[in-house]
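Engineer: Dock chain B against chain A, hints included.
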Amino acid sequence: MTFMKLFSKVLVANRGEIALRVIRACRELGIRSVAVFSDADREALHTRFADESICIGPANSKLSYLNIPSIISAAEVSDCEAIHPGYGFLAENPEFSEVCEASGITFIGPRSDHLRLMGNKIQARNLAKRAGVPVIEGGLEGMSDPEEALELAKQVGFPVIIKAAAGGGGRGIRVVHSEASFRAAFSMAQSEAGSSFNNPEVYVERFIEAPRHVEIQILADEKGNVIHLGERDCSIQRRYQKLIEESPSPAVSPALRKEMGNSAVALAREAGYVNAGTVEFLLDSDGRFYFMEMNTRIQVEHPVTEMVTGIDLVKEQIRISAGHPLGIKQEDVRVTGHAIECRINAEDPDNHRPSPGTITFYYAPGGPGIRVDSAAYESYYIPPHYDSMVAKLIAHGRDRDEALARMQRALEEFVIEGVKTTIPLHQRILRTLRFRQGEYSTNFIESLKG
Amino acid sequence: MDIKEIREILKVLERFEILDFSLQEGDTRIHVRRGGRGGESDQGLSGRSLAREVLTVTPHSELPVTAPEPEGSLVVGEKQFLVTSPIVGTFYRAPSPESPAFVEVGSQVSKGSVLCIVEAMKIMNEIESEVGGKVAGILVENAQPVEYGQPLFIIDLV
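Protein chains in written order, with the numbering used here: chain A, 1 to 450; chain B, 1 to 158.
Simulated from the structure, these hints should not be mistaken for lab results.
Where hints are given, some of them may not hold.
Stated by the list, open to error - To list a few chain B residues with every Cβ distance to chain A over 12 Å, as calculated:
| hint | residue |
| --- | --- |
| 1 | Glu8 |
| 2 | Glu14 |
| 3 | Arg29 |
| 4 | Gln80 |
| 5 | Ser85 |
| 6 | Pro86 |
| 7 | Val105 |
| 8 | Val114 |
| 9 | Met121 |
| 10 | Lys122 |
| 11 | Asn142 |
| 12 | Val158 |
Said to hold, decoys possible - Here are a few chain B residues that sit away from chain A, every Cβ distance over 12 Å (derived from the structure):
| hint | residue |
| --- | --- |
| 13 | Ile9 |
| 14 | Leu13 |
| 15 | Ile30 |
| 16 | Lys79 |
| 17 | Gly89 |
| 18 | Lys111 |
| 19 | Lys134 |
Claimed, not checked - Derived DEER-like restraints, expressed as beta-carbon distance ranges:
| hint | chain 1 | residue 1 | chain 2 | residue 2 | range |
| --- | --- | --- | --- | --- | --- |
| 20 | B | Ser96 | A | Glu222 | 37 to 47 Å |
| 21 | B | Glu130 | A | Met188 | 43 to 53 Å |
| 22 | B | Lys79 | A | Thr358 | 42 to 52 Å |
| 23 | B | Pro97 | A | Gly323 | 34 to 44 Å |
| 24 | A | Gln241 | B | Glu98 | 23 to 33 Å |
All of these numbers come straight from a predicted model, not from anything done at the bench.
Every residue gets a Cβ at the ideal spot worked out from N, C-alpha and C, and that includes glycine.
Chain A extracted, bound-state conformation (with noise of 0.2 Å):
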């Protein structure tokens, strides 16, 4: 084998636990790291622990953590040789990922070309059927007139739900219970959608009740190799916003796991991606899956995957963008025991508002099988400009029963003084019946309110 070169420079361009998790990969990989903070992330772990840092703009994200000249520059007076974007910010822009290439930096990510194509969600389902892989019964094209969009909806049969093709995440989504009101909703979700997206488009597809999610990891190198790490159920979520995660899931069997996992190989053939995706299905309660969207990413629930592989998945990000093969193979996969992941975010519980301010007492969990990935530690202030998530507390055990008993533990053991949590949230999940014989869906959260 050839001797292969990775970076010797790379700029994180994130904020919060997901920079520090890309600075350990680095640091592990013997690569030098360059943060980029705002004013309001000068006491930020990333600022402290990255081997250099650079003050990019002011709190307000538009002027520093999406600010693509600003980012650009810096990774040009550091002389980085390759930029990872994280999760959020700029991690899906594929306009970025064009100048990152036309600066001749590295994007640590998949081309431009594939975040465009997976960013429009018709086309999308489109890939995914010429894939070979399941996708739910309705539109494969944008539509613009409520009465054709009312035919097809009739065709696949109500409820139906409506979708931004530039939407994702939750976002521009109306579900529509029957004929009479559908014309309003179409309407409403297409200025939703381009005043959200700066795109009308919109597509109808079969509303599936109480799904659950599952998701398949895979990675794929510039060779053509590509491989699927198992799945990560993630059906516990509040308003599309996921809160816990496991893996395995407690609904798919061996063969699922199986044919789940092809499909979303297949899926990334078929695109040509090339990094670490995530092939989002939607599972039926008759055990028919569907394919849903496809984050072009690093993922916020990860470590779960990690956990149950012993795959770095940060580490091969950075590998396969310096022109590695993959080292692994399909049949060299191995999914060990079960890793759960709570996200503990700074919130009200009453309201569900985000909880800023300084944390006056900080004390993380560890112990056997646990792993917490935080940018947090006492006499931090959490900053009302960025997102709530504080920490992310993994759990593995050798099996479920033992990871949920971990994770109960860990939660206990966790104590966040100065701001609200969710921490009293995750230990009432994991107390109810429903959670611990894993017999749950999407629509849990709603299903604990009464």
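Structural biologist: Below, chain B alone, put in the same frame as chain A:
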């Protein structure tokens, strides 16, 4: 060498009023010049924390990187104005290597006068003075990287 050690060094330099100081430790080289103009008196500058004004740390890669400037470390007087960099980029005192600098210490400037260039993504951004007055201090050396908010000039308001 970490920021704590650098702070300790700066404290000592300040206590003994050392104006120019170099230290090499393995691959790390540190050079501190206090007073901004190689030993001239602190004319026009008030405050005691001037030690930080020209601080370059050369890490293993031999590339110059400006140490982050903690907020409030540079104290300017009431009749002074601190010009900070609006963008991250490379600081140039002149429009080309052959040209004279836009301003020197002592230069009179008016509102809108070009003070320097900060190059970002191959674009030369001319930084104009927001105030009229006399240049009292130039805080960054030519062709050095600067970050957002980094102090560049001190202007005596007239």
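Engineer: Is the Cβ of B:Lys79 more than 12 Å away from each Cβ in chain A?
Structural biologist: B:Lys79 is indeed farther than 12 Å from all Cβ atoms of chain A, at 26 Å.
Engineer: Would the non-interface assignment of B:Val105 survive a Cβ cutoff of 12 Å against chain A?
Structural biologist: 25 Å, holds
Engineer: State, for the Cβ atoms of B:Glu130 and A:Met188, whether the hinted interval 43 to 53 Å holds or is violated.
Structural biologist: At 46 Å between Cβs, range holds.
Engineer: Minimum C-beta separation from B:Asn142 to chain A exceeding 12 Å: can you confirm that?
Structural biologist: 14 Å, holds
Engineer: Can we trust that B:Gly89 is non-interface, i.e. its beta-carbon lies farther than 12 Å from all of chain A?
Structural biologist: 5 Å, violated
Engineer: Determine whether the Cβ-Cβ distance between B:Pro97 and A:Gly323 falls within the hinted range of 34 to 44 Å.
Structural biologist: 37 Å, holds
Engineer: Using the Cβ atoms, figure out if B:Lys79 sits within 42 to 52 Å of A:Thr358.
Structural biologist: 36 Å, violated
Engineer: Run the C-beta distances from B:Ser85 to all of chain A and say if the shortest one exceeds 12 Å.
Structural biologist: At roughly 9 Å from the nearest Cβ of chain A, B:Ser85 sits no farther out than 12 Å, so the non-interface label is violated.
Engineer: According to the definition I'm using, a residue is off the interface if its beta carbon is farther than 12 Å from all beta carbons of the partner; does B:Leu13 meet that for chain A?
Structural biologist: 23 Å, holds
Engineer: Confirm or reject the statement that B:Arg29 sits farther than 12 Å, beta carbon to beta carbon, from all of chain A.
Structural biologist: 15 Å, holds
Engineer: Would the least Cβ to Cβ distance between B:Val114 and chain A come out above 12 Å?
Structural biologist: 19 Å, holds
Engineer: Beyond 12 Å on every Cβ pair: is that true for B:Met121 relative to chain A?
Structural biologist: Incorrect as stated: the minimum Cβ-Cβ distance to chain A is 5 Å, not above 12 Å.
In this structure, the earlier hints numbered 5, 6, 9, 10, 17, 22 and 24 are contradicted, and the remaining ones agree with it.
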